[in-house]
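Colleague: If you're matching them up, the sequences are chains X, Y and D in order. Reminder that position 83 of the first sequence reads as 83 in the numbering used here, one-by-one numbering, no gaps. Reminder that position 51 of the second sequence reads as 51 in the numbering used here, one-by-one numbering, no gaps. Reminder that position 125 of the third sequence reads as 125 in the numbering used here, one-by-one numbering, no gaps.
Don't read these hints as lab results, they were simulated from the structure. The hints are all genuine.
One-sided and incomplete, this derived list gives chain D residues near chain X with beta-carbon spacing under 7 Å: (1) P141; (2) Y152; (3) D156.
Owing to the predicted nature of the structure, the values given are computational and were not obtained by experimental measurement. The beta carbon of each residue, even a glycine, is placed where N, CA and C say it ideally should be.
In case you want the letters, here they are:
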Amino acid sequence: MGALEDRFPDNILFTTVDRFLNWSKKSSLWYMLFATACCGIELMQTGASRYDLDRFGAVFRATPRQSDLMIVAGTITHMMADRVKRLYDQMPSPKYVIAMGSCANTGGPFYKDSYAVLKGVDKIIPVDVYVPGCPPRPEALIEGIMKLQEKIMEKKNLVKK
Amino acid sequence: MMFNFSNVFVFLAMGTVFVAVTLFLGRLIRPADPNVIKMSNYECGEEPIGHSWITFNVRFYVIALIFVIFDVEVVFLVPWAVVFRSMGWIAFWDMLIFIVVLLVGFAYVWEMGDLDWIEYEEGEEEE
Amino acid sequence: MEAKKIFDILSGKFGGSIQQLQESTFPPSVVVGSDAIVEVCDFLKKAEGLDFLSLVCLSGVDLKEQGRMTVVYHLGSMKHGHMIAIKVELDRSSPHVRTVEKVWPVANWYEREAYDMFGIVFDGHSDLRRILMPEDWEGHPMRKDYVYPKRYHTWDV
Numbered sequence: 001m002g003a004l005e006d007r008f009p010d011n012i013l014f015t016t017v018d019r020f021l022n023w024s025k026k027s028s029l030w031y032m033l034f035a036t037a038c039c040g041i042e043l044m045q046t047g048a049s050r051y052d053l054d055r056f057g058a059v060f061r062a063t064p065r066q067s068d069l070m071i072v073a074g075t076i077t078h079m080m081a082d083r084v085k086r087l088y089d090q091m092p093s094p095k096y097v098i099a100m101g102s103c104a105n106t107g108g109p110f111y112k113d114s115y116a117v118l119k120g121v122d123k124i125i126p127v128d129v130y131v132p133g134c135p136p137r138p139e140a141l142i143e144g145i146m147k148l149q150e151k152i153m154e155k156k157n158l159v160k161k
Numbered sequence: 001m002m003f004n005f006s007n008v009f010v011f012l013a014m015g016t017v018f019v020a021v022t023l024f025l026g027r028l029i030r031p032a033d034p035n036v037i038k039m040s041n042y043e044c045g046e047e048p049i050g051h052s053w054i055t056f057n058v059r060f061y062v063i064a065l066i067f068v069i070f071d072v073e074v075v076f077l078v079p080w081a082v083v084f085r086s087m088g089w090i091a092f093w094d095m096l097i098f099i100v101v102l103l104v105g106f107a108y109v110w111e112m113g114d115l116d117w118i119e120y121e122e123g124e125e126e127e
Numbered sequence: 001m002e003a004k005k006i007f008d009i010l011s012g013k014f015g016g017s018i019q020q021l022q023e024s025t026f027p028p029s030v031v032v033g034s035d036a037i038v039e040v041c042d043f044l045k046k047a048e049g050l051d052f053l054s055l056v057c058l059s060g061v062d063l064k065e066q067g068r069m070t071v072v073y074h075l076g077s078m079k080h081g082h083m084i085a086i087k088v089e090l091d092r093s094s095p096h097v098r099t100v101e102k103v104w105p106v107a108n109w110y111e112r113e114a115y116d117m118f119g120i121v122f123d124g125h126s127d128l129r130r131i132l133m134p135e136d137w138e139g140h141p142m143r144k145d146y147v148y149p150k151r152y153h154t155w156d157v
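Here chain X stands alone, though its shape is the one from the complex (with noise of 0.2 Å):
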């Protein structure tokens, strides 16, 4: 834990600050490129000019060291699991995942009788928000940040749980 976390009071100074921090956190989600199957095209899109994710301060990482967010886009394999959850420990904190597309959210198409697809990617790592289609439009990806900033917002981090 850092060194002034979750030690303040509930006053209206604290809470301010607690604003401002969440309120950078949420202005520079750093996401972390990292692409499996055709959710990735759709992700590239998202944050190509036209659609412009730079514009919520989201811009696209090589890797999970300068990266707050992952964005899950595709379909993930047993074999490529193990890989997802080293690369999510291996983000600094505090981090966030998007699981984008069917089949980061529940398998999709390979839910029934799949040998080789993970059924969901929050079997392994926890997922904050839920982006629903096949593949997602951009539009939707881009909600699906704009809940996650919400969400960030809500969060408490020098004031006392």
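Given chain X's structure and the hints, the job is docking chains Y and D onto it.
Modeller: Frame of chain X; chains Y and D shown alone:
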């Protein structure tokens, strides 16, 4: 006119203080929960094999240095290309001499075998 | 070349190892005894007029009710434009067949896949590991009596 060097000092001090305060604040408020997997080497999700502090072949540095030399050459070439028309033939001959000098160096490096990945001993034949 | 003619050529050369011609399938298939498979494949690849230079597909079939497993080799010839399938019937309890890796190098990965999915062991294969499933996966998922594992590593399957 004398340049007022106290300006530079103020810039230096402000820069240092700003960076130090930011890093210190970050240290205070960020969550810190290191664990074994998080501290391990990043290998694109694969399990890392070995240590990251291994010794690299010294030949990488030779290649890198030669690369840097020719990279710097391009830094000279680009502004030269911009003013080439207005300066006329003198600029052409200037740059030609410069490139020839570099090429001589390149030929020397090539001949001495520093570009070969496997270095051959004296007297040993290249296959 | 027609399948009947290929069958006749093979029968003339290998005799009893060539068991049957099935013309109802596409492409027409020849059932070959598992002992002679490498020699038959080598002959099909090199013989004048046959020239099956490409192994299009190698697949396994699990015939659980009949207690057999079948390996199907789909062969094609770019030069003559004909195709044929070679079938090898194996015992289901211990499916073993010799590798055709030496004839068509592409068979290396095909046979690894057949091993991964059906557990068919290719004797003499240079690198018989799983290719699609994780190395420590239990069972061969395309077999009809395959039981799905409840857990793998730290999560529910």
